Amino acid sequence: MTALIIEDKYWDDAVVGQECISPPYEVTEARVMAYADLTGDHTPVHTDEAYARTTPFGTRVAHGLFGLSVADGLKTKSDMRFMPGMSLGWEWRFVGPIKLGDTVRVKFHVGSKRESKSKPGWGILVLPSELINQRDEVVQKGEHRLMVPRKPA
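Each residue of the sequence shown is one higher than the last, beginning at 1 in UniProt numbering.
Certain hints may be false.
[Claimed, not checked] Quick list of the computed label-pair ranges, beta carbon to beta carbon:
(1) Thr43 x Arg114: 33 to 41 Å
(2) Asp13 x Thr103: 28 to 36 Å
(3) Val15 x Asp41: 37 to 45 Å
(4) Ala34 x Ser87: 16 to 24 Å
(5) Val138 x Val16: 43 to 51 Å
(6) Arg145 x His42: 17 to 25 Å
(7) Ile6 x Phe57: 28 to 36 Å
(8) Asp48 x Lys117: 47 to 55 Å
What the hints contain is simulated information worked out from the structure, not anything from laboratory work. Since we're looking at a predicted model, the values are computed, not measured. Heads up, the beta-carbon is just placed ideally off N, CA and C, and yes, glycines get one too.
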């Protein structure tokens, strides 16, 4: 199998309105349990199916921050991947549950861009994003602000 080569883009390559959707990611029990172990968050709604059946979700759900982490990671596997830079922050909402067995993708676009005022040679991008499941339901959404290098002169 040949690996897909993605060329990192500079700030200058970003086009306002340009949209991208990531490859799919399956939310498995093993991945949710690994996240629970990594973070120390073993809340039963994430880790204990018998308990989770008694909740309004009716089954185990992934951690909210698991979804945000996956959304961020999926952007790096997308055709619109930018040069390594600095995350300036997230505004993020948890809209619906991510259930074990769901397959999610992140859909994002360049919402705005501007040159950095404080760091010459860098630019700032705002990427409105949605994490969507296999039924095209938005389960999380928000925006990511990034500082990305400009093309060398």
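Earlier hints that do not hold, by number: Failing hints, ascending: 5 and 6.
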